[in-house]
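Listed here are the chains, written in short residue letters.
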Amino acid sequence: MTSRPVPTTHSRPLPAGLTREQLLEIYRYLRLTRTLEERLTALYRQSKVIGGLFRSLGQEGESVASAYALERGPHRDILSPLIRNLGSMLVMGAQPLEILRQYMAKAGSPTRGRELNVHFNDLERGFLGQISHLGDMIPVMAGITLTFKLRGESRVGLVYIGDGGTSTGTFHEGLNFAAVQRCPLVVIAEYNRWAYSTPPEKQFAVKDLAEKAKGYGISAGTVDGNDVLAVYEATKAAVARARGGGGVQFIEVKTYRRKGHAEHDDQHYVPQEELDWWAKQNDPVDRYVKQLLQHEWTEERDLTEIDERVRVEIDQATDACVNEPLPQPETTLPGVYASPPAAERLWFRSL
Amino acid sequence: MTEVTYLEALRQGLWEEMERDDRVFILGEDIGLYGGAFKVTEGFTKRFGEQRVIDTPISEAAIVGAAAGAAHMGLRPVAEMQFIDFISCAYDMLTNYVATARYRAGLATPLVVRGPCGGYVRGGPFHSQNPEAAFFHTPGLKIVYPATARDAKGLIKAAIRDDDPVLYLEHKWLYRRVKEQLPEGEEIVTPIGEARLAREGKDLSIVTYGATLWKSLEAAEQLEQEDGVAAEVLDLRTLLPLDDAAIVRSVKKTNKVLIVHEDTRTGGVAGEITARINEQAFEWLDGPIMRVTAHDVPLPYAPTLEDFVLPQTEDIVKAARWLAAY
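For the record, the sequence lines run as chains W and R.
For the first sequence, numbering that gives the first Met the number 0 begins at 0 and goes up steadily by one.
For the second sequence, numbering that gives the first Met the number 0 begins at 0 and goes up steadily by one.
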């Protein structure tokens, strides 16, 4: 974007050690996440999305801000996102085109139609897609960060876990393992109030997820997950401690899942006034914009300019892939193993 | 040549691979200074240090998950299950995460999970299991099961060098019972996916692996002496992928097949072998394909009970006689 002189006369000092360009870049990722998901919703309604659609509406702030605290670039930090961490993947360099192709199961998608939605990876760019078994990425990220430690590399891993995911066995085993090994791993625990339809009081008997971490000897804190700058600062500090040899860091972010588990879920179990309150009073993007403008860190037209560019980017990405073909059936056979190169074609398919 | 036990051969193979390739490291419960429950890794910490010999919490899922993460990053982890019975605690990690990683995501996951299997040792229901059938059904995994000292060494080396995840099943009844002269200074690597003809014969084929190889060889000897029946014995060595060619070759030669495994019957590997022979060599058969397996019960503790449940040499002899006369 064109850089303008920083307005200095009335504005407050810039927050969290961020430059004005960085503040706007964070805004761009927030907007990109939301706009991309809105586009996916439209494609879902047109039956262009093959499977389910999982929105992160209301959680974009903590996804983007936590990822933004990492070192990005080839072979730097690695994060493992969940289904509602699209924003974190975009920060690490995943492209809207890749996400669109994944959701629409295109032959040219990163997994060539084998896997869904945000379940894909690029370890060089620094993201390792999840599998659907919640908690499993904690031990895997423990192994990745153990490797950083064994090799003496100054790299950090970050892994997300939902409030429901903290009930799994692999969460416990992985966190304990990583704590014992003092792996350079930051855990972002997302308290978003709903695990599918299950509320926290049916999921665990602690008040805050941070209490769980203390049981593993891990220092933990809770932050307002819809305060973008607070999440950024907390993660930045945690990443620095992990990078400096401080072992596992645990941050609970309090946020709210404003859509159903997936697009098919009508959320009848959620009080409407609760949804309205989070939408009107505690939207992370609105709050961030308000901060940017109130403190005169930026001007309205900078934001609308970004909005427009994001809209064009998503339009172009959609146009580029919406009519692409699905994968050819026989491409399903190769790549189960390094060797043998392909699974055997069954005899009756050759009759 | 030096005489080495199955356990020592395994230990040597692991040691040599760690000497050869500094990407190889091992992790598991009590494997460090204690040297492992069966002493497979005795002396490893002293030689390779705590960075490459990692004592872990009692967390099989975390052990396998962490091994997977390290494997993605280019290391070559070898994870020990203290007893293979506990691999079921890592079933999710192995079948959902590890086995699918290459296919769904193009992620290389070259790891080995190894551990002591099997009965005949009065271990009871949770220290005697053979878990191969639970994983045999999972595309993306390989399974090897050595029966000899040479293959204990050759298969651990091949498993570590393989670019796919490998379950290495070692039989604790064979650890110190089986000994073999192995050449010093010669590299022993057993190719994954190749069966070995353990004894030649013309009258029927006994297809087996693991501890029941030795019981099958005993049975074949007895059949030769007492009945003049020449039984061929095929040691599968790798269960996944199966060496169909070697099995079919033997079927075409003897026209009768007895499959022997220590694992329980229903859903066991023998059923799959039967189906493959049916598909690939039906017209070569002169009799039904028969199975000698454990009874379909959890493995009991008392010697009288365990001996009844597990396949014994005399069971193989009886079944082979029945089939030879068919």
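Treat the hints as calculated values from the structure; they're not laboratory data.
Don't take each hint at face value.
[What the hints assert, rightly or not] Which stretches of chain R does chain W cover? Using the computed rule of at least three CB atoms under 8 Å from a CB of chain W, they are: (1) 33-40; (2) 130-142.
[Stated by the list, open to error] Below, a sample of chain W positions facing chain R; criterion: calculated Cβ distance under 10 Å: (3) Ala141; (4) Ser218; (5) Gly220; (6) Asp223; (7) Trp276; (8) Leu350.
C-beta atoms are modelled at their ideal positions from N, C-alpha and C, and glycine is treated no differently.
Results of checking the hints against the structure:
1. Beta-carbon proximity to chain W at under 8 Å applies to 0 residues in the region 33-40 of chain R; the threshold of 3 is not reached and the given coverage is violated.
2. Counting residues of the region 130-142 of chain R whose beta carbon lies closer than 8 Å to any beta carbon of chain W gives 3, which meets the minimum of three for the stated coverage.
3. Look at Ala141 (chain W): its Cβ gets to within about 5 Å of chain R, closer than 10 Å, so that hint holds up.
4. Interface restraint check: Ser218 (chain W) against chain R, minimum CB-CB distance 19 Å, threshold 10 Å, status violated.
5. Hint status for Gly220 (chain W): violated, given a least beta-carbon distance of 24 Å to chain R, over 10 Å.
6. Checking Asp223 (chain W) against chain R by beta carbon gives a least distance of about 31 Å; that is not within 10 Å, so the hint is violated.
7. Taking 10 Å as the C-beta contact cut-off toward chain R, the hint placing Trp276 (chain W) at the interface is violated, the least distance being around 38 Å.
8. Proximity of Leu350 (chain W) to chain R is violated relative to the hint, the smallest CB-CB distance being about 14 Å (cut-off 10 Å).
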